[in-house]
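These protein sequence lines map, in sequence, to chains A and B.
Following this note's numbering, the numbering of the first sequence begins with 1 at its first residue and continues without gaps.
Following this note's numbering, the numbering of the second sequence begins with 1 at its first residue and continues without gaps.
Calculated directly from the structure, the hints in this document are not laboratory data.
Warning: the hint list may mix true and false statements.
[Said to hold, decoys possible] Here are some chain B residues the structure puts well away from chain A; computed CB gaps all over 12 Å:
id, residue
1, M41
2, V55
3, I152
4, T198
[Unchecked claim] Pairwise CB distance ranges (calculated):
id, chain 1, residue 1, chain 2, residue 2, range
5, A, D150, B, G221, 27 to 37 Å
6, A, L207, B, A3, 32 to 42 Å
7, B, F34, A, G264, 28 to 38 Å
8, B, F34, A, D75, 15 to 25 Å
9, A, S160, B, E93, 51 to 61 Å
10, B, L250, A, E141, 38 to 48 Å
11, A, R220, B, G221, 46 to 56 Å
12, B, L13, A, A31, 12 to 22 Å
13, B, F34, A, E263, 23 to 33 Å
14, A, R129, B, Q186, 47 to 57 Å
15, A, P132, B, V167, 47 to 57 Å
16, A, R73, B, V36, 26 to 36 Å
17, B, V30, A, D75, 58 to 68 Å
Since the model is a prediction, treat every value here as computed from it, not as a measurement.
Yeah, the Cβ is synthetic: ideal placement off N, Cα and C, and Gly gets one too.
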Amino acid sequence: MEPLLTQTAERPVRANRTDEPVIVFRNVWLAFDDHVVLRNVSFTLLPGRLKVFLGASGAGKSTILRIILGLLRPDDGEVYVLGHRVDQMSESDLMAVRAHLGMVFQEGALFDSLTVGENVGYRLYEELRVPPDEADARVAEVLGFVGMADYIDRMPAELSGGQRRRVAIARAMITRPRILLYDEPTTGLDPITALTVDDEIIKLRDLEGVSSILVTHQLRDAFYIAEHEAVQTGDRVRFRPVSPERAGNTEFLMLKEGEVAFEGTADELRRTSDPYLRAFLS
Amino acid sequence: MIAPVEWIKSALLEVQEYLRLTGQVARGTVSRPFYVRDLVMQLELIGIGSLTVVVLTGVFTGMVLALQTGLTLDQFGARSVVGRLVSASMVRELGPVLTALMVTGRVGSGIAAEIGSMVVTDQVAALRSLGTDPIRKLVVPRVLAGTIMVPILTVIANGVGMLGGLVISVTQLRVAGSVYWSNVVQGLFMPDIWMGLTKPVIFGFALVSIGCHVGLRTRGGTQGVGRSTTNSVVAASVAILVLDFLITKLLMSLLY
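Excised from the complex, chain A in its bound form:
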């Protein structure tokens, strides 16, 4: 495992990466009692790519994120994260893998009793025992990245829904994880606020080179993220329609009753003739 805080914010992440998949699902099955949640699900996530999981409620999207994190174990199949097989790993070994993962939970899941700054720096202060000055600087840096630097001393209860999600993104990226998992980060947000969260996801994909999985049923956000890219000029970040060479960096995967019903690019999804997918997109 790599050290977590050795790279600088300006590091060329993409130059370090290999083309080895960072996540591999192979024939994964999971059932809760008689209800089969995942049926023979297989996919891979390549470094620096974003995979958008679409599907109706209860299709098994969030379950996949929990399996990747090791919060749930599949009944059958194999799950590899950064080359480590996590579906059979002990909880203590999983902690080492989780150090390279960041998760943005639905509604943010911020710790109620901690300030925004303490939430964001939780891993640095509580687990990694990073020197306070270094930790404070990193917290300020990531809060600046998501545009929440002025809210460092606020309590989560004082934040709006969109602000909570952005703080949750900041918390997830504090140790520069190689993989970020987003569980419905824009659900329940108004379109304008949702756009600010979408922009953070695009920035992390394009500027930080983070591999990510986005679970959502907000089609508007999913297509916006897939069809836009972030470009940095000096301190300024601009968002523009994605260039053809970067269009393949985001793929869609549609789940239908626990099975993979579609896997492909935004363009392929738009052109699909499958009746279920068409109904979902309409």
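Assemble chain B onto chain A, guided by the hints.
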């Protein structure tokens, strides 16, 4: 309506999960990482936070005990030994049990509600995703704090209970303070002290670990949190009374 077989299976599952939790807590107390700041915070919350309610419980229990026993003792012309009854009752039985029940109502329910709402809002899952073991971070500090603070609170409750008995003995029963105190001391023997200190250690562990267990098993949103809060108080209160009988029986055969 749940079938009896299903009920037994789910009860056994609860017991199994509870025992697993206590095993994890035992491991968490002897191996790193330790969350010392959380322990200090819980010592304050459980100890200092429960002081008022425990003092009130102790003082009024001591007072009512003196009143009731004073009346009965009068029939035998033995009013002067009221101190002996108050001290023995408080130290051996009422102090530990009533303190534990009050702490269950105040702290056990709070722990179940707090951890339960953390579970239903994914904060516990977030802890795990950030590399923190929720047992070590949430459960171990609370259980240790409960195991340490309930005996201390019990000693305080016993002390103020005896003071309450003194007030009633002097003002209502017209027993001299010096007579009351000498009877208090004469009424206590080493086995009583051992019993009075052993019980709250076990009660403190039980009430907090039950609160944590019920909290961690919370399902079903805010309604589930409410259910967990009620369940933790009921389960811990019953457990305290059952444990009280078992410990009393065991210690009586060992110490007396």
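Status of the hints after comparison with the structure:
1. Listed as outside the interface, M41(B) is inconsistent with that label: its C-beta sits roughly 10 Å from the nearest C-beta of chain A, within the 12 Å cut-off.
2. Distance check on V55(B): its Cβ is at least 27 Å (rounded) from any Cβ of chain A, clearing the 12 Å threshold; non-interface status holds.
3. I152(B), annotated as away from the interface, keeps every beta carbon of chain A farther than 12 Å; the closest lies near 25 Å.
4. The Cβ of T198(B) sits about 34 Å from the closest Cβ of chain A, beyond the 12 Å cut-off, so the non-interface label holds.
5. Restraint check, D150(A) to G221(B): a C-beta distance of roughly 33 Å satisfies the suggested window 27 to 37 Å.
6. Evaluation of the 32 to 42 Å hint for L207(A) and A3(B) yields a failure: the beta carbon distance comes to about 58 Å.
7. Between F34(B) and G264(A) the C-beta distance comes to about 50 Å, which lies outside the given range of 28 to 38 Å.
8. At roughly 36 Å, the beta-carbon separation of F34(B) and D75(A) lies outside the given 15 to 25 Å, and the hint is violated.
9. For S160(A) and E93(B), the hinted distance range of 51 to 61 Å is satisfied, since their beta carbons lie about 54 Å from each other.
10. A beta carbon spacing of about 59 Å between L250(B) and E141(A) contradicts the range 38 to 48 Å that was offered as a hint.
11. Taking the beta carbon of each, R220(A) and G221(B) are about 28 Å apart, not inside 46 to 56 Å as hinted.
12. Hint check: L13(B) to A31(A), Cβ distance near 18 Å, so the stated range 12 to 22 Å holds.
13. At about 46 Å, the CB distance of F34(B) to E263(A) disagrees with the hint of 23 to 33 Å.
14. Range check, R129(A) to Q186(B): Cβ separation about 55 Å, and the 47 to 57 Å hint holds.
15. Between P132(A) and V167(B) the beta carbon distance is about 52 Å. The supplied range of 47 to 57 Å therefore holds.
16. The given range of 26 to 36 Å is respected by R73(A) and V36(B), whose C-beta atoms sit roughly 32 Å from each other.
17. Range check, V30(B) to D75(A): Cβ separation about 34 Å, and the 58 to 68 Å hint is violated.
Checked against the numbered hints listed earlier, the structure breaks hints 1, 6, 7, 8, 10, 11, 13 and 17; every other hint is satisfied.
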